[in-house]
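*Asks:* Just so you know, the protein sequences line up as chains Y and E, in that order. Going by the numbering used here, the residue at position 314 of the first sequence is 331; the numbering climbs one at a time, nothing skipped. Going by the numbering used here, the residue at position 47 of the second sequence is 52; the numbering climbs one at a time, nothing skipped.
Since the hints were made in silico from the structure, they are not lab data. Given the structure is predicted, the values throughout are model-derived calculations rather than measurements. Quick reminder that beta carbons are idealized off the backbone N, C-alpha and C, glycines included. One should not assume that every hint holds.
What the hints assert, rightly or not - Only pairs whose alpha carbons sit at most 20 Å apart, straight line, appear in this in silico DMTMM-like list of lysine to aspartate or glutamate: (1) Y:Lys133 with Y:Asp206; (2) Y:Lys79 with E:Asp136; (3) Y:Lys79 with E:Asp104; (4) E:Lys94 with E:Asp136; (5) Y:Lys168 with Y:Glu73; (6) Y:Lys168 with Y:Asp241; (7) E:Lys94 with E:Asp108; (8) Y:Lys327 with Y:Asp107; (9) Y:Lys79 with E:Glu170.
Unchecked claim - Computed spacing ranges between beta-carbons, pair by pair: (10) E:Thr30 with Y:Gln289: 50 to 58 Å; (11) E:Gly63 with Y:Leu305: 34 to 42 Å; (12) E:Thr29 with Y:Asn105: 35 to 43 Å; (13) Y:Asn105 with E:Gln133: 29 to 37 Å; (14) E:Ile31 with Y:Asn112: 19 to 27 Å; (15) Y:Gln289 with E:Thr29: 43 to 51 Å; (16) Y:Thr54 with E:Thr29: 17 to 25 Å.
Claimed, not checked - Stretch by stretch, here's where chain Y covers chain E in the computed footprint (C-beta under 8 Å, at least three residues): (17) 39 to 45; (18) 62 to 68; (19) 73 to 85; (20) 124 to 130.
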Amino acid sequence: MDSNNNITSIWDFFQNPIIMNLLIGVVYFAAIAAFITVLVIILMWMDRRVAAFFQERLGPIKYGPQGLLQPVFDAVKMVSKGNITPRNVDKLVYNLAPMLIFMTTLLVYAALPYGKNLTVVNLNVGVLYLIAISSTATIAILMGGWGSNNKYSLIGGMRTVAMIISYEIPFAFSLLGIIMLTGSMNMTDIINAQKNVWFVFLQPLAFVVFMITAMAELNKSPFDLPEAESELVAGFITEYAGMKFGLVYLAEYANMFSMAAIAVTLFFGGWQGPLLPSWLWFLIKTLLMVFFIMWIRWTLPRIRIDKMMKLNWKVLIPLSILNIFLTGIGIKLYQYFTGMGGV
Amino acid sequence: MEVTRGRYNPNEFHEAFENNIIITTIEKALDFCRSRSLHPFLFGPACCAMELMQAMNGRYDLARYGFEAVRATPRQTDVMLVAGTITNKMAAVAKRLYDQIPDPKWVIAIGSCAISGGPFADSYCVTQGADKLFPVDVYVPGCPPRPEAITRGLLQLRDMINNPEIAKVKRHG
Numbered sequence: 018m019d020s021n022n023n024i025t026s027i028w029d030f031f032q033n034p035i036i037m038n039l040l041i042g043v044v045y046f047a048a049i050a051a052f053i054t055v056l057v058i059i060l061m062w063m064d065r066r067v068a069a070f071f072q073e074r075l076g077p078i079k080y081g082p083q084g085l086l087q088p089v090f091d092a093v094k095m096v097s098k099g100n101i102t103p104r105n106v107d108k109l110v111y112n113l114a115p116m117l118i119f120m121t122t123l124l125v126y127a128a129l130p131y132g133k134n135l136t137v138v139n140l141n142v143g144v145l146y147l148i149a150i151s152s153t154a155t156i157a158i159l160m161g162g163w164g165s166n167n168k169y170s171l172i173g174g175m176r177t178v179a180m181i182i183s184y185e186i187p188f189a190f191s192l193l194g195i196i197m198l199t200g201s202m203n204m205t206d207i208i209n210a211q212k213n214v215w216f217v218f219l220q221p222l223a224f225v226v227f228m229i230t231a232m233a234e235l236n237k238s239p240f241d242l243p244e245a246e247s248e249l250v251a252g253f254i255t256e257y258a259g260m261k262f263g264l265v266y267l268a269e270y271a272n273m274f275s276m277a278a279i280a281v282t283l284f285f286g287g288w289q290g291p292l293l294p295s296w297l298w299f300l301i302k303t304l305l306m307v308f309f310i311m312w313i314r315w316t317l318p319r320i321r322i323d324k325m326m327k328l329n330w331k332v333l334i335p336l337s338i339l340n341i342f343l344t345g346i347g348i349k350l351y352q353y354f355t356g357m358g359g360v
Numbered sequence: 006m007e008v009t010r011g012r013y014n015p016n017e018f019h020e021a022f023e024n025n026i027i028i029t030t031i032e033k034a035l036d037f038c039r040s041r042s043l044h045p046f047l048f049g050p051a052c053c054a055m056e057l058m059q060a061m062n063g064r065y066d067l068a069r070y071g072f073e074a075v076r077a078t079p080r081q082t083d084v085m086l087v088a089g090t091i092t093n094k095m096a097a098v099a100k101r102l103y104d105q106i107p108d109p110k111w112v113i114a115i116g117s118c119a120i121s122g123g124p125f126a127d128s129y130c131v132t133q134g135a136d137k138l139f140p141v142d143v144y145v146p147g148c149p150p151r152p153e154a155i156t157r158g159l160l161q162l163r164d165m166i167n168n169p170e171i172a173k174v175k176r177h178g
């Protein structure tokens, strides 16, 4: 009887909604962390092979099938590498920055739709959430730049803030057209609205603006000014060694995937597709998008800092506002000719 | 597998055992991984750096062995490639950069100048070799060495990290 009572009490303990939610949260976290780890290993290998492909080289091929073990060796090396904290850094800020950078990346993964009914949190303000979270990383980067107590780190951090804050405006504006078309910020609603035609065909201008600003948000070439090797040694990560650098490195590749996933969700119909299961469609489309980002990255040279600001304020913002205007006119014309929505 | 079906053949069993199970210590496994992901720190004060660039580009492609991830900051690197003449004025900077690399770290001296001062050995302003400043693991001779030689030097370093004994065995005379 005693043991029976114990079992029921344990069962009751797990039936408690707070405990239940906590456990489900842990499972979600573990699943996403495992997904990111495997994904980043594949992306690191892919990045190096794609870079080699565009520079007429072979890239890492010697270790493992097609060189797939190379990122594993890199990861093990980085974990076992000496972990230096320079004497004059602001220790709390310096040590906190890489963790915060990685955490914002993790938060973005919470709202991505991986497949039909396969998302961690189905937010009704999904797009707003993604824009807000992806710009939070700026604070962490500035923390790294400030805490390192190094002039190159500080300049790199400042450049990141200047760049991401100004590129945030056309980034958000380019998504407004889609929100006007669907009338919802929910990612699942946006995917369902693309059943017949992808938004890349309805919003080509928004897609161009989105891709340019997305490259800037990723801090990747042609917008890798915060880490420009020829001007600043390595930007805000100059003083980071060992696994702290490893975390920033990890977050960079994870960000590349999440940005590609956002592009696929908003412009290429998300997980929708014939025959294959929905999560496989999502992976195929997103990896193709990642390849496209790498293609741009390894083809174009770095843009100069003043030209970058000019491009943003004089070209991209007017274009994105024009896109909102045209979308509005388009919606009204559509309603007029089809007789929908009493005009 | 055939081994499990009744007839016990010790040779076959040991073969299967040796091929499929790896026994190692943590240090050896770490060394194995470290030797295969050496991120070089580009320290090219003179003309040998041109040959080094060539070794990283198309035809010779160091990236095949995972040596292409060149970082500009010493904090994130494993091996320092001293490619060129070190003047006395540069010596202090070189020493400081070497000290900033986290352990474990290695050094490769590329070309005559980094080995012994080369043609400038008699000069009043040239340090006679990188090993006057910090320990050097692999010397790559030549003035300048060809890209093949640089690749071989890095591969020698890879073998040396895995098996430090070979560095002691191969002595001249």
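*Asks:* Hint compliance check: list the failing hint numbers for this structure, sorted ascending.
*Replies:* Hints 2, 3, 5, 7, 8, 9, 11, 20 not satisfied by this model.
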